[in-house]
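Chains as they are written, first to last, in our numbering: chain Z, 45 to 337; chain L, 45 to 337; chain H, 45 to 337; chain U, 45 to 337.
Bear in mind the hints are in silico, worked out from the structure with no lab data behind them. Do not take every clue at face value.
[To be verified] Only pairs whose alpha carbons sit at most 27 Å apart, straight line, appear in this in silico DSS-like list of lysine-lysine:
| # | chain 1 | residue 1 | chain 2 | residue 2 |
| --- | --- | --- | --- | --- |
| 1 | L | K263 | L | K281 |
| 2 | L | K263 | L | K292 |
| 3 | H | K246 | U | K145 |
| 4 | U | K67 | U | K263 |
| 5 | Z | K312 | H | K174 |
| 6 | L | K281 | H | K67 |
| 7 | H | K174 | U | K263 |
| 8 | Z | K145 | L | K246 |
| 9 | U | K145 | Z | K312 |
| 10 | Z | K281 | L | K128 |
| 11 | U | K292 | Z | K281 |
| 12 | H | K281 | H | K312 |
| 13 | Z | K174 | L | K263 |
| 14 | H | K312 | Z | K313 |
| 15 | Z | K263 | L | K128 |
| 16 | L | K128 | L | K47 |
Protein chains: 4
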Amino acid sequence: MTKCAFLGLGVMGGPMAGWLATKGHSVTVWNRSITKADAWALKYKGLACATPLDAIQDAEFVMMCLGDDPDVDAVFEQIETGIKPGMIVIDHTTTSADLAKRISDKCSAKGAHFIDGPVSGGEAGAVNGKLTVMAGADQAVFEKVVPVMQAYAATITRIGEVGTGQLAKSVNQICIAGVLQGLAEGLHFAMKHDLDTDQVLKAVSGGSAQSWQMENRGKTMVAGEYEFGFAVDWLRKDLRIALDAARKSGASLPVTAVIDQFYSDVQKKGGGRWDSSSLLTRLNTDSDIIKDK
Amino acid sequence: MTKCAFLGLGVMGGPMAGWLATKGHSVTVWNRSITKADAWALKYKGLACATPLDAIQDAEFVMMCLGDDPDVDAVFEQIETGIKPGMIVIDHTTTSADLAKRISDKCSAKGAHFIDGPVSGGEAGAVNGKLTVMAGADQAVFEKVVPVMQAYAATITRIGEVGTGQLAKSVNQICIAGVLQGLAEGLHFAMKHDLDTDQVLKAVSGGSAQSWQMENRGKTMVAGEYEFGFAVDWLRKDLRIALDAARKSGASLPVTAVIDQFYSDVQKKGGGRWDSSSLLTRLNTDSDIIKDK
Amino acid sequence: MTKCAFLGLGVMGGPMAGWLATKGHSVTVWNRSITKADAWALKYKGLACATPLDAIQDAEFVMMCLGDDPDVDAVFEQIETGIKPGMIVIDHTTTSADLAKRISDKCSAKGAHFIDGPVSGGEAGAVNGKLTVMAGADQAVFEKVVPVMQAYAATITRIGEVGTGQLAKSVNQICIAGVLQGLAEGLHFAMKHDLDTDQVLKAVSGGSAQSWQMENRGKTMVAGEYEFGFAVDWLRKDLRIALDAARKSGASLPVTAVIDQFYSDVQKKGGGRWDSSSLLTRLNTDSDIIKDK
Amino acid sequence: MTKCAFLGLGVMGGPMAGWLATKGHSVTVWNRSITKADAWALKYKGLACATPLDAIQDAEFVMMCLGDDPDVDAVFEQIETGIKPGMIVIDHTTTSADLAKRISDKCSAKGAHFIDGPVSGGEAGAVNGKLTVMAGADQAVFEKVVPVMQAYAATITRIGEVGTGQLAKSVNQICIAGVLQGLAEGLHFAMKHDLDTDQVLKAVSGGSAQSWQMENRGKTMVAGEYEFGFAVDWLRKDLRIALDAARKSGASLPVTAVIDQFYSDVQKKGGGRWDSSSLLTRLNTDSDIIKDK
Ligand SMILES: NC(=O)C1=CN([C@@H]2O[C@H](COP(=O)(O)OP(=O)(O)OC[C@H]3O[C@@H](n4cnc5c(N)ncnc54)[C@H](OP(=O)(O)O)[C@@H]3O)[C@@H](O)[C@H]2O)C=CC1
Ligand SMILES: NC(=O)C1=CN([C@@H]2O[C@H](COP(=O)(O)OP(=O)(O)OC[C@H]3O[C@@H](n4cnc5c(N)ncnc54)[C@H](OP(=O)(O)O)[C@@H]3O)[C@@H](O)[C@H]2O)C=CC1
Ligand SMILES: NC(=O)C1=CN([C@@H]2O[C@H](COP(=O)(O)OP(=O)(O)OC[C@H]3O[C@@H](n4cnc5c(N)ncnc54)[C@H](OP(=O)(O)O)[C@@H]3O)[C@@H](O)[C@H]2O)C=CC1
Numbered sequence: 045m046t047k048c049a050f051l052g053l054g055v056m057g058g059p060m061a062g063w064l065a066t067k068g069h070s071v072t073v074w075n076r077s078i079t080k081a082d083a084w085a086l087k088y089k090g091l092a093c094a095t096p097l098d099a100i101q102d103a104e105f106v107m108m109c110l111g112d113d114p115d116v117d118a119v120f121e122q123i124e125t126g127i128k129p130g131m132i133v134i135d136h137t138t139t140s141a142d143l144a145k146r147i148s149d150k151c152s153a154k155g156a157h158f159i160d161g162p163v164s165g166g167e168a169g170a171v172n173g174k175l176t177v178m179a180g181a182d183q184a185v186f187e188k189v190v191p192v193m194q195a196y197a198a199t200i201t202r203i204g205e206v207g208t209g210q211l212a213k214s215v216n217q218i219c220i221a222g223v224l225q226g227l228a229e230g231l232h233f234a235m236k237h238d239l240d241t242d243q244v245l246k247a248v249s250g251g252s253a254q255s256w257q258m259e260n261r262g263k264t265m266v267a268g269e270y271e272f273g274f275a276v277d278w279l280r281k282d283l284r285i286a287l288d289a290a291r292k293s294g295a296s297l298p299v300t301a302v303i304d305q306f307y308s309d310v311q312k313k314g315g316g317r318w319d320s321s322s323l324l325t326r327l328n329t330d331s332d333i334i335k336d337k
Numbered sequence: 045m046t047k048c049a050f051l052g053l054g055v056m057g058g059p060m061a062g063w064l065a066t067k068g069h070s071v072t073v074w075n076r077s078i079t080k081a082d083a084w085a086l087k088y089k090g091l092a093c094a095t096p097l098d099a100i101q102d103a104e105f106v107m108m109c110l111g112d113d114p115d116v117d118a119v120f121e122q123i124e125t126g127i128k129p130g131m132i133v134i135d136h137t138t139t140s141a142d143l144a145k146r147i148s149d150k151c152s153a154k155g156a157h158f159i160d161g162p163v164s165g166g167e168a169g170a171v172n173g174k175l176t177v178m179a180g181a182d183q184a185v186f187e188k189v190v191p192v193m194q195a196y197a198a199t200i201t202r203i204g205e206v207g208t209g210q211l212a213k214s215v216n217q218i219c220i221a222g223v224l225q226g227l228a229e230g231l232h233f234a235m236k237h238d239l240d241t242d243q244v245l246k247a248v249s250g251g252s253a254q255s256w257q258m259e260n261r262g263k264t265m266v267a268g269e270y271e272f273g274f275a276v277d278w279l280r281k282d283l284r285i286a287l288d289a290a291r292k293s294g295a296s297l298p299v300t301a302v303i304d305q306f307y308s309d310v311q312k313k314g315g316g317r318w319d320s321s322s323l324l325t326r327l328n329t330d331s332d333i334i335k336d337k
Numbered sequence: 045m046t047k048c049a050f051l052g053l054g055v056m057g058g059p060m061a062g063w064l065a066t067k068g069h070s071v072t073v074w075n076r077s078i079t080k081a082d083a084w085a086l087k088y089k090g091l092a093c094a095t096p097l098d099a100i101q102d103a104e105f106v107m108m109c110l111g112d113d114p115d116v117d118a119v120f121e122q123i124e125t126g127i128k129p130g131m132i133v134i135d136h137t138t139t140s141a142d143l144a145k146r147i148s149d150k151c152s153a154k155g156a157h158f159i160d161g162p163v164s165g166g167e168a169g170a171v172n173g174k175l176t177v178m179a180g181a182d183q184a185v186f187e188k189v190v191p192v193m194q195a196y197a198a199t200i201t202r203i204g205e206v207g208t209g210q211l212a213k214s215v216n217q218i219c220i221a222g223v224l225q226g227l228a229e230g231l232h233f234a235m236k237h238d239l240d241t242d243q244v245l246k247a248v249s250g251g252s253a254q255s256w257q258m259e260n261r262g263k264t265m266v267a268g269e270y271e272f273g274f275a276v277d278w279l280r281k282d283l284r285i286a287l288d289a290a291r292k293s294g295a296s297l298p299v300t301a302v303i304d305q306f307y308s309d310v311q312k313k314g315g316g317r318w319d320s321s322s323l324l325t326r327l328n329t330d331s332d333i334i335k336d337k
Numbered sequence: 045m046t047k048c049a050f051l052g053l054g055v056m057g058g059p060m061a062g063w064l065a066t067k068g069h070s071v072t073v074w075n076r077s078i079t080k081a082d083a084w085a086l087k088y089k090g091l092a093c094a095t096p097l098d099a100i101q102d103a104e105f106v107m108m109c110l111g112d113d114p115d116v117d118a119v120f121e122q123i124e125t126g127i128k129p130g131m132i133v134i135d136h137t138t139t140s141a142d143l144a145k146r147i148s149d150k151c152s153a154k155g156a157h158f159i160d161g162p163v164s165g166g167e168a169g170a171v172n173g174k175l176t177v178m179a180g181a182d183q184a185v186f187e188k189v190v191p192v193m194q195a196y197a198a199t200i201t202r203i204g205e206v207g208t209g210q211l212a213k214s215v216n217q218i219c220i221a222g223v224l225q226g227l228a229e230g231l232h233f234a235m236k237h238d239l240d241t242d243q244v245l246k247a248v249s250g251g252s253a254q255s256w257q258m259e260n261r262g263k264t265m266v267a268g269e270y271e272f273g274f275a276v277d278w279l280r281k282d283l284r285i286a287l288d289a290a291r292k293s294g295a296s297l298p299v300t301a302v303i304d305q306f307y308s309d310v311q312k313k314g315g316g317r318w319d320s321s322s323l324l325t326r327l328n329t330d331s332d333i334i335k336d337k
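Isolated chain Z (complex conformation) (with noise of 0.2 Å):
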């Protein structure tokens, strides 16, 4: 078993520390807001420190899962003096690989490696410990890395150098925003002609317009529920490292930006924190909606 650290207690962060420890890695954690910290070590009886430098002093393994771009940078700056040579440090967040190869310069002065490991699978996918990992790392340093993860997740690949695990992240993003919109409009059409939407969803989601959103989301976006699930405020920040990854390689992705346009005005609704099929929200009206119900 290891020496882990883990900063970031987020709904993502914590059930994955808490897998950590659960399977026998000796772990300390960090949380800005320190409350979340003191819940999860009464929890699961591991180690809560007052600073993220703190956290780390002795680990092997420095787990982040953070927000966005400049909290990791924020955080890593505040570990920065302590990271040693030899030390692996992962980094959870979803952000852009430029971030990633940054923070590994600043790893490999030090002696030390870096992983860039977005994971998607949501917060079930945490909770269960099935997460899904998309790796961008040296090939020797992934191999270390691996029976570690495999605490909190199912399925673990490697993509290539560091970076490409976030930019197989923003693919994963890219595909998901086509989905819901395609199973937004689809829906929309159905509710628009009074269908019987569970016959519909029955009929087409046992062929090629299959996906696991039909499957998952369906139903739930026909009742209207979106309190749950991954929500749209994150998602927007995975378009637009998506966007901006794309600016620069010269990637074309306009149904990806017009839908993420179209995401705004599921913000303007208030529906920042929704899951992000809520993207029928926009197309069903009221009266639309008021017919299907």
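Position chains L, H and U with the ligands relative to chain Z; hints supplied.
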């Protein structure tokens, strides 16, 4: 076992009629290009007729699987005088719901019944007898037809009254358009960033970005293989039907509409017969493709 | 001076026929709803007929200004027997080029001539006799008609053979759609940032962002005034015609297609009769509008 | 007459500084690439300095016309120690409003003043001294600056406080994007239907589809001439600024976002330096272009 007439022995109709014969139904067939009908008769030991009117002479069930609205109108005109009370006419063509209602009314006027039953599952589904049927019909009529359609269909769902089968098929195609464009943009992004697309597909297809298209078309898209599957020209026909219906019902399909236009770029490249996953070709320039091979 | 028959005395046709009479032509008119024809006859001291066939009896020129393709087909059917050799039929309705060619062929069969001459300039242009006509016709026929159309048109351009007038009108509407959506997004952005829109419009309308719509609709859009001008329902009809033609010719109109869908959101708000600049209303939420008033 | 320093003698800055000298102001200049500064000094008999700090030594007014946000940050850093109370710094670069506010705060800290004054009118406007300036500044500061800017600007509009000049410029670029895509689709449609584009442009530019771009770029677009004007790379920079601002303010810019992506297709064709009207090139395939020449 029943007496069936099958009109239209194309890529889909041929194997469907074949399954009817194989399962023991007595099948008479007709096809505009006579050679297909003769070949079919030879293969399945059925009866090829010279006119559609001859073909439906003694039929209890009349199946059609033709091209577009005008094709169904044209063939139905030739059989109208032969429609008898109690006959059940099943149209497996993907058409507008308006066409379905119009033909249904004409059947009713003769004391016969009509079902719109567009299918999904592609050529493979037809050949394997595992199609999905989305049916619009009276419940009683539907029940009579299910045992017959089971000869070639694995999933048969009644959506509602006549026309709703076609509307459900539109939902199917709308969802596919979004899925495919999202997937195309995701893969284009991956290729522009020189990611190992096999690894990316492996990583993302386990989670919430998963789709049938990702699993079944992701690798062929990267390889630039499109000489199979569901043709761009057919999908554009279906999207035209969906967009026309939306115009009447007031449904908004912004991304479906834009993807429909993107397909015209594929058609300009000579890709009308390529699989609909060929959306990727309009994002990847020649240099992108070469770089990745 | 000539003998003219004018069929269709709506918002556009009424004043156009009025100018013909005012300029000294002998005008007989017909309108489906008889009250409009009577009111017109009273105002312009012309002759209102009970049927379109009566109206064209002695006419050298037959003008139509109706709604959509089926309307022109319907009215033409009523006058077909009265079409005489040498007559010139001018259709000012915005229709498809296919309709124009079909009606032209029927005229030719009678030894008569046809011109498609859709107009732009709106109600104001009709009232002031300053319309723009885009004509599709043989050169010789065109030349005969110009002096007559000058009664109500300031600019008369022959694009090419029959049908090209309608295609040019499609170009006009495609350009307008892009201009209006750009303007709507620009003003929405300005309002979201609490800019003084009067100053912004003053600043930007002097340069390369300038457009007729910006100069003539910018302020009314900000004020939320849409009860005038060219109706959303009409523009959607015209965009449908353009998109149908593009589908056949293989032209790609991605942004036109998406704006057409956006208009369905305006229609859902009850804005079918609002000016087409009302695209802004679907971007501005109620709170945005209130904030800016 | 006043003492001015001008930093950045590119396509725009060079002639602007030239007009200041021509109108009798005492002008010291600086340019990163020294040859441009020397050529300018020779042509206008002004003084070229080795550093920007030298150039602003005795200046009452400091003008900048650089590239993007980081460029202004970089140059300002070099002059910051030389900023004196009462100095007025005018930034003619198109930047974000955030940059404007940041630099303004730094000027205020020194008792100096800042104006963001992005321009429109292109190279021709600069060469002819007829630019449009959209200014963000305190009213009192604005009034002091107008007489000086009149050396090179024909229209100078104060939008509001610091930053609003840049936001108005975003409005300008958003409007242009819509206009250009509409025009490109209109001309593409015309060319696909073999219309005489000269006649079409003549017919449509008199009415409600009219725009500056139609009048000034319509014919060159048809001719495939793009080696002049406002470059795609610049417009993408400006759209990025607009889209970033929209993301923060919550404005929805769906069509702007999609057009921004379309420009990446133009860049892939090697068109980064082409005029922004080159959007047409991604719609017209080679065969379309050849057909029309
Ligand atoms: N939620 C989901 O379903 C998924 C999320 N993700 C990604 O995982 C990451 C975490 O998401 P999630 O756990 O849901 O987010 P939460 O908001 O629940 O947690 C964010 C965590 O980061 C900490 N944090 C944020 N900014 C800072 C900062 N500047 N300094 C110190 N600590 C900071 C927060 O601390 P504090 O408690 O003090 O606020 C909190 O512990 C994100 O990048 C997200 O995109 C990926 C897949 C799924
Ligand atoms: N309004 C505008 O700003 C502009 C309109 N146009 C185009 O001009 C045309 C006319 O527009 P507008 O005058 O505004 O429309 P209106 O609705 O005001 O008038 C339409 C006219 O057509 C008649 N009509 C419609 N359908 C039929 C039918 N089936 N049989 C007999 N008569 C029929 C109507 O008769 P009744 O009175 O009985 O309803 C009425 O006289 C349209 O194609 C429109 O797109 C072009 C440019 C600008
Ligand atoms: N061109 C046009 O039609 C229009 C341009 N604009 C805007 O005006 C601005 C200038 O455009 P334009 O003159 O065409 O651009 P140019 O590329 O011709 O000139 C840019 C100028 O900025 C200088 N510069 C750029 N980065 C730096 C840096 N980091 N440090 C020092 N100097 C720097 C360049 O110096 P060097 O010579 O050493 O490269 C050059 O003098 C841009 O913001 C553009 O968006 C606005 C309206 C129209």
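Results for each hint:
For the hint linking K263/L to K281/L, the alpha-carbon distance of about 26 Å falls within 27 Å, and the restraint holds. Taking the CA atoms of K263/L and K292/L, the gap is about 38 Å. The hint is violated against a cut of 27 Å. Our distance criterion of 27 Å between C-alpha atoms is met by K246/H and K145/U, whose separation comes to about 23 Å. Among the hinted pairs, K67/U with K263/U is inconsistent with the structure: their alpha-carbon atoms are about 36 Å apart, more than 27 Å.
Simply put, K312/Z and K174/H have alpha-carbon atoms about 43 Å apart, too far for the 27 Å limit, and the pair is violated. Our distance criterion of 27 Å between C-alpha atoms is broken by K281/L and K67/H, whose separation comes to about 50 Å. Of the supplied pair hints, the one linking K174/H and K263/U holds, its CA atoms being roughly 25 Å apart against a limit of 27 Å. Simply put, K145/Z and K246/L have alpha-carbon atoms about 23 Å apart, close enough for the 27 Å limit, and the pair holds.
A C-alpha spacing of about 26 Å is found between K145/U and K312/Z, which places the hinted pair at or below 27 Å, so the restraint holds. A C-alpha spacing of about 62 Å is found between K281/Z and K128/L, which places the hinted pair above 27 Å, so the restraint is violated. Among the hinted pairs, K292/U with K281/Z is consistent with the structure: their alpha-carbon atoms are about 11 Å apart, no more than 27 Å. Restraint check for K281/H and K312/H: the C-alpha separation of about 16 Å stays at or below 27 Å, so the hint holds.
Between K174/Z and K263/L, the direct Cα distance comes to roughly 25 Å. Compliance with the 27 Å bound is thereby established for this hinted pair. Distance check on the hinted pair: K312/H and K313/Z sit about 17 Å apart at the alpha-carbon level, within 27 Å; holds. Pair hint K263/Z plus K128/L does not hold up; C-alpha atoms about 42 Å apart against a cutoff of 27 Å. Between the alpha carbons of K128/L and K47/L the distance comes to roughly 14 Å, so the proposed pair stays at or under 27 Å and holds.
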